[in-house]
Structure formats: structure tokens, C-alpha cells
Amino acid sequence: MNIVAVGINHRTAPLEIREKVWYSDDEIRAAVVDLKSNVFSECFLVSTCNRTELYGITKNGTPTDENGALIDQLKDFLITSKSASHAVERKHFYHFFSIGAVNHLFKVASGIDSMVIGDVQILSQIKDGYNIAFDAKATGSFTHRLIQATFHAGKRTRTETRIAEGAVSVSYAAVELANKIFSDLGKRSALLIGAGETGELTAKHLVGRGIGKLLVTNRTRSKAEELVASLGGEVVDFERLTQHLLHADIIISSVAAPQHILTKNDISRTMKERAHRPLFIIDIGVPRNIEPSVNNVENVFLHDMDALSGIVDQNLQKRKAEIPKVNAIILEELTEFHNWHESLQVNPTIADLRNYFEAIRQEEVAKNINRFSPENRELLELVTKRIVNKLLHTPTTSLKNGNDESLEDKHTKLHIVRSLFGLSKGAHDEEEK
Amino acid sequence: MKLIIDSVNFLLPALYFVTVWAYAKAFFSDSLSAKKIKTPLFLSTVGIHCCYLLARTLFFNHPPITNIYEIMTMMSFSIAATYLVIEFWTKVKGTGYFILILAFIFQFLSTIFIHDMEAVKPVLRNNLLGLHVSSALLGYAAIAISAVYGFLYLMLYHHIKSSRFGVIYTKLPDLEALERMSMVAITFGFALLTIAIAVGMVWLPRAFTSFSYADPKLIGTIGIWVLYGVGLGAKKTIGWQGRKIMVLSIVGFVISFFSLTIVNIYFSGFHNFH
Chain E
563 MNIVAVGINH RTAPLEIREK VWYSDDEIRA AVVDLKSNVF SECFLVSTCN RTELYGITKN
623 GTPTDENGAL IDQLKDFLIT SKSASHAVER KHFYHFFSIG AVNHLFKVAS GIDSMVIGDV
683 QILSQIKDGY NIAFDAKATG SFTHRLIQAT FHAGKRTRTE TRIAEGAVSV SYAAVELANK
743 IFSDLGKRSA LLIGAGETGE LTAKHLVGRG IGKLLVTNRT RSKAEELVAS LGGEVVDFER
803 LTQHLLHADI IISSVAAPQH ILTKNDISRT MKERAHRPLF IIDIGVPRNI EPSVNNVENV
863 FLHDMDALSG IVDQNLQKRK AEIPKVNAII LEELTEFHNW HESLQVNPTI ADLRNYFEAI
923 RQEEVAKNIN RFSPENRELL ELVTKRIVNK LLHTPTTSLK NGNDESLEDK HTKLHIVRSL
983 FGLSKGAHDE EEK
Chain L
568 MKLIIDSVNF LLPALYFVTV WAYAKAFFSD SLSAKKIKTP LFLSTVGIHC CYLLARTLFF
628 NHPPITNIYE IMTMMSFSIA ATYLVIEFWT KVKGTGYFIL ILAFIFQFLS TIFIHDMEAV
688 KPVLRNNLLG LHVSSALLGY AAIAISAVYG FLYLMLYHHI KSSRFGVIYT KLPDLEALER
748 MSMVAITFGF ALLTIAIAVG MVWLPRAFTS FSYADPKLIG TIGIWVLYGV GLGAKKTIGW
808 QGRKIMVLSI VGFVISFFSL TIVNIYFSGF HNFH
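Quick note, the sequences are listed as chains E and L, same order.
Take the first sequence: its position 300, counting from 1, is numbered 862 in the numbering used here, and each next residue is one higher.
Take the second sequence: its position 149, counting from 1, is numbered 716 in the numbering used here, and each next residue is one higher.
I should point out that these hints are in silico values taken from the structure, not numbers from a laboratory.
Quick caveat: nothing in here was measured; it's all calculated off a predicted structure.
For glycine and all other residues, C-beta sits at the position ideal for the given N, C-alpha and C.
Accuracy of the hints is not assured; some may be wrong.
What the hints assert, rightly or not - For lysine-lysine, the following PhoX-like pairs were computed, each having C-alpha atoms within a straight-line distance of at most 25 Å:
1) K749(E) x K660(L)
2) K582(E) x K653(E)
3) K952(E) x K669(E)
4) K602(L) x K834(E)
5) K569(L) x K880(E)
6) K602(L) x K882(E)
7) K880(E) x K602(L)
8) K669(E) x K653(E)
9) K811(L) x K880(E)
10) K603(L) x K660(L)
As the list claims (entries may be wrong) - Partial selection, computed: residues in chain L whose CB lies under 8 Å from chain E:
11) S730
12) Y736
13) V797
14) A801
To be verified - From chain L, some residues computed to sit far from chain E (all C-beta separations above 12 Å):
15) N628
16) F655
17) F665
18) S729
19) Q808
Excised from the complex, chain E in its bound form (with noise of 0.2 Å):
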């Protein structure tokens, strides 16, 4: 496979150095296009906060670590396009070839090559780096094949595996636990106290699985305002905090102070005048906003900072042991790209569309062959051989001309020999995905 992948993330390079040779879409535009006409005859480039990774297709001959040439090229072209020579170096830069590099994409898409194992957002951005390089018109048959085969293995270790299941971060451990207490956040309102940034996300996730009603306060209206004019809500007044909790299922409590801001009495009385509707507090405040025994109030759920980085690291855990299942399934789609590619060589071609033409030659002479007498059977063979020969001869010569020829002319030749014939090794239908 003429495939080679350079590429930088969070294990080799620190996010200062990564920000350095992170590539907007337009730039993303403008690298495949030069590379394209300059180095390969496909390619796409992906970007994201924790990587940027180039994929290419070398116009002749499968490269290898001898062409370390080339390699610091692709290195050097991706630092000096975004003037990031100061910072980034070759080091920084990681690369893989042929079947190698379809292994590392197949990876990336799958997962587990995440800085958050599982991370269910990297496959939308290896689609959209691929989609600006389409429409740049810098791929070409086989990196459109690649990336179907990249979707259908991603896409496998969601649904087969357990990799993207459970919260990985406090803000949604926290709306994961809310959902644990209540049916359906949609009747049920939140209240969020404070203007932290976790706060912040958890209401905005919270607001995202539809919450029926979120209220905002601080100490500060103003930023109380800033956020709901950002996620929605209303704003309330934080002198009537105690009030405001009667209307509240859940509480998110973010407030820089020195002492409690809701005691375990303010508590007890609300939950009496709210004739005892479970009530889910969020404590991530540090110190703490809320009294700790508030917790032994019943029917009120208090939830603190550590409470919420266990789930997460449980989810962690649970995560990483599916790894050995997604690397089973990455194996599995390998093979079957590499059949895929393989049934695009020349030779395999000619060699099955030889044997496809022969089994048919057999069949029919042992059909018909006591119509002969044992005399003529020879000559029966000798005939019939000859015929299939001629038959095949412009053919193969064709296919096996076609150097010359750029490699989607090559593929889509040996596509439509082996569909016509229905040798169809490895190459599914393509429609059907």
C-alpha cells in the first residue's frame, strides 16, 4: 500500500506545542491541495485539539522507513506552513506506512488512541477534515475507500463494544447521577448557584438533555445575566437564595466563599415546605458551599467534587478493559481492507479471471466429453484452451499495460473487470455501506 500517515498528538507533544500546528479548515484547504499537486496523488488532513495527522498516497511505489526523506519533508511541511518552526520539531511528529498507517487512523477513529478513551467526537472530525480535502478535490478512489472502511470500524466499536459508555468527566458524571434520581429531567428544574466553570458545564449539559426549567443566580447579577443570556433560563436573586429552592430539583453550586453558603437547617426546612420531592444537590464548590450533614436530610442527595471524579475514573477503568474487544475489531476490519486492496492488484486479477474462464472450460468439456471418441478428447482439450487463451488475451494485456495509467484509472478498471466477472474477493460493493 502507497499509504503514508505523519501526524503529532497528546503523547508527543505537549498541548503548547500542538496548538502550534493546529490547522483551521482553511488551512486544511490550502495544505491538501498544494500537497496534492506537489507529493501525493490523494490525501486528507485532520486537526483537532489533541492531534493533527496527515494521510497521503505516494504517487509510485510503497514507501518505507528508507524514505526518511520524504517523511522530514511532510514533517517540515507541516511545521513551516503554519511558521511554527520556532516551537515544533521534527520529534514532536510521529509517522506509520501502508498498512501500518490504517491500522493508526482505524485507531484514532476507534477511540482508543484518545487522550479520553472513547471519545465519541473524533470521528466527526476525521470526517470533516476528509470532506474539505473532497471538496478541495485532493482525494481520490482509494482514500475514499480508507475512509468508509475508518467510519465502519468506528462506528462497529460503538454499537459492539462498551468503549464510549459512562461519564469520563465531572460535569456529565454529574447529569449522569441526576439521571439516576429522576425520570425525566424535563420536569424537573435546576438551579445554579455561582459562576465556576464547571457549573457552567454542568448546566449546559443539563440544559442539553432538556431540563424543564433552569434558574441562575450570583452574587454578581451580571454574570448571572452573561450566562443566561449563553444556555437560556432565568435569572434569580441570590439574597432569596433559600427561597429559590423550593421550585429546584437539582442544585449546582459553584460559589467561591469562605463559609457554607446553605446550612443543614436551611436545608431540613426547605425540604418540608417542598413536602419531601427528593432534592440533588451538587456540591462543587471548593471549600465546600454546602454543609456536608445536609446529606442525612432524607430524600436529599449531596454530591461533592470526589464524589464525582469516582465516577469518572470507575467509567475510566470500565472503558480501558473494552480495549482488547475494539483491538479485535480493528484487526478484523484491517483484514479486510488489506483483501479489498489486495484484490486491486494486477496480477490476483489476471489470476482469477484465468481461473473463473478455466473452471467454466472444465466444466463444459467433462459435460460433454463422451459425445467424443477417446481420440478426439484430446484434441478437445488442446481446443478448447486455445479458445479460452484468445479470449483472454486482450484482456490481460490490457490490465497488465496499465502502468501508465493513474492508480484511480487502475482501480476503477480492475473494479469493473472483477464486478462484470463477479470476482469478488475483497470487493464488496461499495454502494452497500
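Please build the complex by placing chain L on the supplied structure of chain E, with the hints as guidance.
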């Protein structure tokens, strides 16, 4: 026919055991194959159990409600059938283990001790009695199921409170759903007990000369009925919810169980079945 009934009698606890095992496997170890087979297995178990009860009724020429062990197999069936309705209705399929284990225990006891009574007192062949007993049984089954959901609620409640996020946390449905399921079961149970008591009050004095309003079982059942009535009333009027009402559902079940077993065996006057 007798042979078939006897062999199915021994087959049933085995079937319930396998079903419970599949539900446990699906719940605790997330086994995919167990998840696939558990519902078909459960359906066929309930189906066979239903045929068994019909066969008994036809062959012995009376419904299987004439002694405590016949009642137990009816109880087992009532629990399984009620759970079946709940599973199909709520689409919450994870909690079967905790309920079907009760069906298994009742069926197991019945299988071991059941004896065939060919001569049954004519008083036990009455249609009103059938209605009285079957509504009481279904009512008790609903109460048992409500208690199981109450118990699951309390488990999850304490796990969440103490930040334990293990199997119970991941696999059980949310607290609100558990409370709702328990409440649905209680409401059904209460309605069925009301029917059982009403029919009993009308029919028993006529059927039994020894009938007395001081019968311990009658008093027990009415006590349970009042308890659930008060609980449901408190929920409607004061808006009780959460832990308190779930504790009540468990207390109610414990008293019912006591009434159905101990009182039945040791104290009952005319109202005994063995």
C-alpha cells in the same frame, strides 16, 4: 394425565430456577446471551405454569386453591404473571431477578409439599370463592412486587447517598421509576384486596356456619387493607414520597406475609386451608 401433572410439578421449580439464573446473569454480569434468552425463557415458564394450573383444575375438578401448597403455586404464578405485565408495560427489564426469585421460592415449596386432594368440600367449589381467592392472591402478589421495588428503591437510595457507584447504581432503573413501579403495584394490590374483602364479607357468612368477624385472618387482611389505604391517602393528600412511602410498602408486605403464613397455620378458625 396424572403423570404429566406430576412431572410438570417437578419441572416448574427447575424452569423458574433457570429463568432466575438468566435474569441474574443479565443483571450482574451483563451477559449478552443471558439477556437474549431471559425473556423467551420467562414467557415459556409462565406459559407452562398456566397450563399446569389448568390441567390441575380439570383433572382434579376444582381450582387449585384448596390447600396452602396449591395456594403457593397459584401465588408463584400470580407473581410471575404480574411481573410479566409490569415488564411489558414499563419496558424496564432489568429487575426480574429480584421478583422472580419470590416466584421460584413459592413454587419450590409447593412442589415439595403439594398433595392431590380428590375429595374436596363442596363449599370450595363455589364461583364466588374463586373470585375471592384469586383476587386476594393477585392482590398479595402485587403487594409482594411493590415491596421488592420498595426494597430496590431503598438499596439504590442508600447507594447513591453514600456515593457507592457499583452494579446497583449502574444497572437499576432510576429512583423515580422504582417508586412509580412500586406505587402502581400497590394501587393494583389495594384494589384487588378491596374486591377480595368485599366478596368475602358477602359470601363467607352464608357459606360457613362457623363464620366469625373475629377471625384472625380477616382482621389481619383488613388491617393490611387499612394500612395501604392510609398510605395511599397520605400520598394523595400530604404528598408523601420517596423513602418514607417505600418503607411503608415493605412493612405492609411483611405484615401480609405474616398474615398469609403464620396466622393461617396457627391461628385461623374457619379460614384455614389445610
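Now for the hints, and whether the structure bears them out:
A distance of roughly 24 Å separates the Cα atoms of K749(E) and K660(L); the hinted pair therefore holds under the 25 Å criterion. For the suggested pair K582(E) and K653(E), the alpha carbons sit about 15 Å apart, so the restraint of at most 25 Å is met. For the suggested pair K952(E) and K669(E), the alpha carbons sit about 48 Å apart, so the restraint of at most 25 Å is broken. Our distance criterion of 25 Å between C-alpha atoms is broken by K602(L) and K834(E), whose separation comes to about 42 Å.
Distance restraint check for K569(L) and K880(E): the Cα-Cα separation of roughly 53 Å exceeds the 25 Å cut-off, and the hinted pair is therefore not satisfied. In summary, the hint linking K602(L) to K882(E) is supported, as the alpha carbons are separated by about 23 Å, within the 25 Å threshold. Of the pairs offered as hints, the one joining K880(E) and K602(L) holds, with about 20 Å between alpha carbons and a cut-off of 25 Å not exceeded. Using a Cα cut-off of 25 Å, the hinted pair K669(E) and K653(E) holds, with the two alpha carbons roughly 22 Å apart.
Restraint check for K811(L) and K880(E): not satisfied, since their Cα atoms lie roughly 35 Å apart, outside the 25 Å limit. In summary, the hint linking K603(L) to K660(L) is supported, as the alpha carbons are separated by about 11 Å, within the 25 Å threshold. Checking S730(L) against chain E by beta carbon gives a least distance of about 4 Å; that is within 8 Å, so the hint holds. Hint status for Y736(L): holds, given a least beta-carbon distance of 7 Å to chain E, under 8 Å.
For V797(L), the interface hint is violated, since its Cβ never comes within 8 Å of a Cβ in chain E; the closest pair sits about 17 Å apart. For A801(L), the shortest C-beta to C-beta distance to chain E is roughly 11 Å, which exceeds 8 Å, and the interface hint is violated. At roughly 48 Å from the closest C-beta of chain E, the C-beta of N628(L) stays outside 12 Å, upholding its exclusion from the interface. No beta-carbon of chain E comes within 12 Å of the beta-carbon of F655(L); the shortest separation is about 18 Å.
At roughly 17 Å, the least C-beta separation between F665(L) and chain E is larger than 12 Å, which holds for a residue marked as non-interface. Not every beta carbon of chain E lies more than 12 Å from that of S729(L), the smallest distance being close to 9 Å; the non-interface claim is violated. With a minimum CB-CB distance of about 6 Å to chain E, Q808(L) fails to clear the 12 Å threshold, and the non-interface call is violated.
Of the numbered hints listed earlier, those contradicted by the structure are 3, 4, 5, 9, 13, 14, 18, 19.
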